[in-house]
Each structure stands twice: as structure tokens, then as C-alpha cells.
Amino acid sequence: MATVSLHSLVKRYGNVPVVHGIDLEVADREFIALVGPSGCGKSTTLRMIAGLEDISGGEIRIGGRKVNDLPPRSRNISMVFQSYALYPHMTVAENMGFSLKIAGKPQGEIEARVAEAAKTLGLEELLERRPSQLSGGQRQRVAMGRAIVRNPEVFLFDEPLSNLDAKLRTQMRIEIKKLHAKVNSTVIYVTHDQVEAMTLADRIVIMRDGHIEQVGTPEDVFRRPATRFVAGFIGSPPMNLQEATVEDGTLVFAGGETLPLPRQFRDKVEAGRKVVFGLRPDDLYPTGHGIHSGEETEVHEVEQAVMLTEPLGNETLVFTEFAAREWVSRMLNPKLLKPGEKVRLSFDLSQAHLFDTETGTTLRT
Amino acid sequence: MKSWRLLAPYLLLLPAFIVLAAVVVVPLLLSLYSSFTPFRLTRPDSIWTFIGLRNYERLFTDWEFWVAFGRTVLLLTVALNLEMVLGLGLAVLVEKATRGQRLLRTIMMFPMMFSPVLVGFQFKFMFNDNIGLINNALQGLGLTDRAIPWLIDGTLAFIAILTAEIWSSTAVFAIFILAGLMAMPKEPVEAARVDGCTPWQTFRYVTWPYLMPFAFIAMTIRSLDIARAYDIVKIMTDGGPAKRTEILWTLIARTGYSDARMGLANAMAYIAILLSIVFTAMFFRQLAKARAQIAAEW
Ligand SMILES: Nc1ncnc2c1ncn2[C@@H]1O[C@H](COP(=O)(O)OP(=O)(O)OP(=O)(O)O)[C@@H](O)[C@H]1O
Ligand SMILES: [Mg+2]
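So the sequences go chain by chain: A and B.
The end of the first sequence is residue 365 by the working numbering, with every number in the run present.
The end of the second sequence is residue 1298 by the working numbering, with every number in the run present.
Since the hints were made in silico from the structure, they are not lab data.
The structure presented is a predicted model; accordingly, all values stated were derived computationally and were not measured.
Think of the CB as a built atom: it goes at the ideal place given N, C-alpha and C, for glycine as much as any other residue.
It cannot be assumed that every hint is accurate.
For lysine-lysine, the following BS3-like pairs were computed, each having C-alpha atoms within a straight-line distance of at most 25 Å [said to hold, decoys possible]:
#	chain 1	residue 1	chain 2	residue 2
1	A	101	B	1289
2	A	167	A	119
3	A	101	B	1186
4	A	105	A	182
Residues on chain A that point at chain B, a partial pick, calculated with CB under 10 Å [unchecked claim]:
#	residue
5	44
6	47
7	71
8	75
9	79
10	82
11	85
12	86
13	98
14	130
15	156
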């Protein structure tokens, strides 16, 4: 059981920096998800923690011990690779027991632990097969099994579910959650999929271009995004974001449209300031079709023409144009809307976000 | 009309069949037949005397033949093993090189570009007991003060031939194994490192099983090569002195051409071919097994 801490961790390939000095403290038994767009350095960071990639600067501590120069085998970690990385010439049982064999454990113990892991993951029937005789989902489970039989201090996952279909992914997500509850190890989990991150993680780390944008609980990053990037990255469909200028208690958009300046920002932004206004689709809805979160609301209504609708069954996404931009709103208890039809939209300004145009950071304090 | 249509493909293939028959099948059958005769080049009509298996019977008790046979198998075994170890080492080193890898690969193949006859002459010169490079070097370094009779002593001559053979063909192993290394996915190796393997264990349990099929392909090729080794030995020692380095094909050539006993020589050749077939079959079986092991898709 161990903490993991990264201090000013830097990775350069040649002269190109890809991770720019990140700091992160992962608590013992915490489940941390690393998310961010492709190429932002998630895998690189994970591989540095695993010891598969040299560190160009800074330091990594696992359980308080500095591991910068330790080879992977001395770090007491296990890793699940995106491509599974099973040993093709070994059976499922051999794959799972390999680390124990290398560690010189007695055959009996190896068999017992493999059998236990196989039971957890539903692999009992497949123990004698080779990886080439397994489906993607089964291989995935073997990779997971190989990681858990070791009972390491830290689990590292690199997009372990990205090759599975949606249904299997949901299933495996639940398995991973159960697993974490059971094994009590620290987990660092890289993913593209924000649903995975939101559902699994205790805290989410959002990365962008080799920097950390925000670290926080799923609720934090969703409800209180620290930057415009996080606001746009977390949430689906993404938050509506549009630039505006603050003028005397109102927000003026480029085309001259206005919205009242949300109450929570009234004495925080001075007139003339350029900001980015953000509102989640959940907080923008055809009047009478929204979620009222119970907190005090500050609703502003605007009449708009419907451009397009996306019916999803229990809700419909309604696209309208406002201030020279397409806005997505979420309509609960949907009724049929036709393109071109006029609809009254409620802007729940109590849920609105404002970000500084220049720095992208939130203006909420 | 219809039968003509059916015949057409066969008619079109006929020239190929005829050529193949003329250059492969007929000589093969002819030589097989002559191994059942006391055919001597000096007495052409002896080819018509059929003596059944008498040549083969004779060979079974021919000590000289079996010594040459055994020496060939020994050469094959020792050379293949050493070449594999050296080739593997070479491949691993070249693969590690981050810069100039192409150049290294090309240099590695140089020995293969020399005709075996030239290699033979080169090593014959190097191992010469009076003027040879090797003895000169050994004496210059003060390691010995006498001229070592490299190509005269039976064992030393065998070692000299082995050296030449290995020098000229280790690259075959190196290239195949390098191809394997380069085609190998790197994730299982990383997984092994995380799983607690030392570099040696990683190689032993993960990399090597993956490379095995490649090594077996090289083995098959090289076993065929060495089983019919001739040029290097012919040039360096000509099977001598006093037949101390006689191998199958130098013996066969001597029997066939110098002694002119073509029938007997052909019988030997067929036994030699059998040897090659046995080795090839063995390595192919190993290859198939190794491929199945790593679930190779080729
Ligand atoms: N071996 C390498 N040499 C040079 N640059 C590299 C190397 N490996 C990765 N990079 C660069 O480092 C950056 C971060 O890569 P990384 O694999 O960590 O991204 P990622 O966040 O995992 O992306 P993805 O979500 O697509 O897996 C990328 O811009 C990539 O081009
Ligand atoms: Mg990645």
C-alpha cells in the first residue's frame, strides 16, 4: 500500500519537452484517473511512474521512497497495457502466474493465487488457452488478472478498456471498481473516456499539453472547472462557451446579444473585462423542461428558433443559435420540436461559469 | 472443341514440364540409376551393368565414408551452434545501436558477399603455418614461439575450417534474428520488466521464445549449406592432409572425379542428401512448433 508523489516531473524526447514539470500527490489506496486529449502526455507520465521511461527531471516517490533510478521490477507496481501485452507463448495460467514464478514463489502458491484471480475475473474455463485463442475482452481480463495476482502496491492502467465494445466496457468498468474496493491498492488509471474517469476515480487529473490543468473530485471538475479547457473537456455534450464583454451588469456578446451578468460574479468582474461565458447543456433548457437543482436559480429566458434536434429517448438535445454560435440545450420530458420552430430557452445563470479570456482560468473565487 | 478447351491449360503448361523434366528430373533419375551400377567415367559402358544395392552395401561397411559422414555432422553441429550464439549476440548488439544501424547491418553482411572459394583462399593464407597472419600475430604477441601447424594437424585444421565457415555465414543467423528482434512487439518485453524480470530473465522467457522461429529458419538454411559444404574445405585442405579433414562432399568429389567411380560416388551423394533431408525435416518440425508457440501469423 503506497502513496505516489510526482515532483516537477519532466520528460523530454531529445529537446522536445512533452511533460512540463507536473506535481501530483496520490494518497494511499486512492483511485486517480488521468484524462486529457490525445498526445497530452498521459501515457508518458504513467510509463515514467512504471519505470519504463527515463525521467528527464524532477522526482517520483512511491511509498515515500525515491524511485527515479530504480528499474520497474524494484518498484512493486503492476501495469495493464492498452494493447494487453500478453505473452503470446504462454497459456492464460502461465501469463497470470509469470510474475510469481519470476519472484520464485512455490508452485502451489502460484496455482492458488492464479486460481483465485481467475475466479474473480471469470477466467476459470480459459486457463489452458493461449492469448491468440481469446477474444479481446477475455485478453483484457487476463491482462487484468496478471496485474492482480502480484498484489502490488500500485496499479497502473493505460486505457485498459479502449479496445472493448461499449457494453463490455461498461461491464469491465464495474469489475474494476469492485476490484479496487477489494484489493485496496493505489490505482493510477489513464483513460480517454470521461465517463470511466467520472465513475471510477476518487480524483481526476486533467492534463493538457504536458501540464496539469486541474486535479479534483469528479464533482469538482464537473461543477467547478478551474479552467476553460476543463470546462470544455469534461461533460458531454460539452459546455457551451462563448466570449463576451462585461458591461455594467450585463454580458455583451459579439453580435450585440446580451445576458445579465450572473449574480455570483457581480462584484468580482469589473466593467470592460473580456470573459468567456460558459453554461452546461443541463443548465440551458426549453422552459419547463429543465432540471432544477434545488439550489437557488437565476433563470433568464430568451426566445430562439430551433436549428436541429437530437432525440435520445428520455431527453432531447436541442440546438439553437445565439450570439453567433450554436448552443446545445438538454430538454427533459421531451416534446416534439421542429426545426425553425420558436422556443423559449431558460438560461440558468446561477450555474454559469466565467473564465478569463487571456488565461482561461475561472473567475469564480 | 470442348476437349480442346479442357486440354488447353495442360498444353500451355507442357513446355514448363518439359524443361523441368530435362534439367531436374532426368539427371536426378539418371544419377539415382547410376548409383545402382559400377559406373566408371573411364569405362562408359559400365553404366549398363546393374548391380542392385551393392554400392550401398559396400558403403555401409566403408569406414572412410562413415568417418567423413560423422565429421560432416560434427562440423554441422558445432558450426550451427556457434553461429547461432554469435549471430544472436551480433543481432542484439546491432539492434541496440541507436545510430548507424543501417551501416552496421550492411557491414554485418559483408562476409556473405564473398565467394566461398575466396573465403577459402583467404583463410588458407591466414592459417598458413609459415607466412600466415595468425601464427605471425601469435608469435608477435609472444603467445607462442613455434609455428602452429594449423592446416596440418587434423583437429587444428578442423578448427580452421570451422572458423572460415563461421566467419562467412554467421551473418545469416544475425540477419534473421535481427529481423525477429525488429518485428517483435515491445509491449510484452515491457510487461515482463514490470512483472519483475531482470534483463536476462526478460530475454530468456519473453524475447527468446519470440526469436526462436527466426533462428530455426536460419538453422534450416545453414544446415543445408553445411551439409553440402565443399568449396572452403576443398581450397583450405582438400580433405587432407591424409584425409584428416575429409567431409562428405570432398570425398564424393574425389570418388567421382579423381577415382572416376561415379556409381559409388552417386550412392554416397544420395546418402548425403538423406542427411540433409533429415536435418531439414527436424528443423522444420521445430520451426512449426516454435511458430505455433508464439501464435505467429506468418
Ligand atoms: N518515443 C517518443 N519520441 C518522441 N516523442 C514521443 C515519443 N513518445 C511519445 N512522444 C510524444 O509525447 C507526447 C505525449 O505522448 P503520450 O503517449 O504520453 O500521449 P497520451 O496522452 O498517452 O496520448 P493518447 O491518449 O493518444 O495515448 C506526444 O506528443 C507524443 O508525440
Ligand atoms: Mg497513451
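Going through the hints against the structure:
Between residue 101 of chain A and residue 1289 of chain B, the direct Cα distance comes to roughly 24 Å. Compliance with the 25 Å bound is thereby established for this hinted pair. A distance of roughly 21 Å separates the Cα atoms of residue 167 of chain A and residue 119 of chain A; the hinted pair therefore holds under the 25 Å criterion. At roughly 21 Å between alpha-carbon atoms, residue 101 of chain A and residue 1186 of chain B fall within 25 Å of each other, so this suggested pair holds. For a cut-off of 25 Å, the pair hint linking residue 105 of chain A to residue 182 of chain A stands: about 23 Å separates their Cα positions.
With 10 Å as the threshold, the beta carbon of residue 44 of chain A stays out of range of chain B, its nearest partner Cβ sitting at about 13 Å, so the hint is violated. Using the Cβ-Cβ criterion of 10 Å, the hint placing residue 47 of chain A at the interface with chain B is satisfied: the shortest such distance is roughly 8 Å. Hint status for residue 71 of chain A relative to chain B: holds, with the closest Cβ pair at about 7 Å, below 10 Å. A distance limit of 10 Å between C-beta atoms decides the matter here; for residue 75 of chain A the minimum to chain B is near 8 Å, and the interface restraint holds.
A cut of 10 Å between beta carbons decides the hint on residue 79 of chain A: the least distance to chain B is about 5 Å, and the hint holds. Nearest Cβ of chain B to the Cβ of residue 82 of chain A: about 9 Å, under the 10 Å cut. The hint holds. The restraint placing residue 85 of chain A at the interface with chain B holds, with a minimum CB-CB distance near 3 Å, inside the 10 Å limit. With 10 Å as the threshold, the beta carbon of residue 86 of chain A comes within range of chain B, its nearest partner Cβ sitting at about 7 Å, so the hint holds.
Among the interface hints, the one on residue 98 of chain A holds; its C-beta lies about 6 Å from the nearest C-beta in chain B, closer than the 10 Å criterion. Hint on residue 130 of chain A holds. Least Cβ distance to chain B is approximately 6 Å, under the 10 Å limit. A distance limit of 10 Å between C-beta atoms decides the matter here; for residue 156 of chain A the minimum to chain B is near 8 Å, and the interface restraint holds.
Going through the hint list in order, the structure does not satisfy hint 5, though it satisfies all others.
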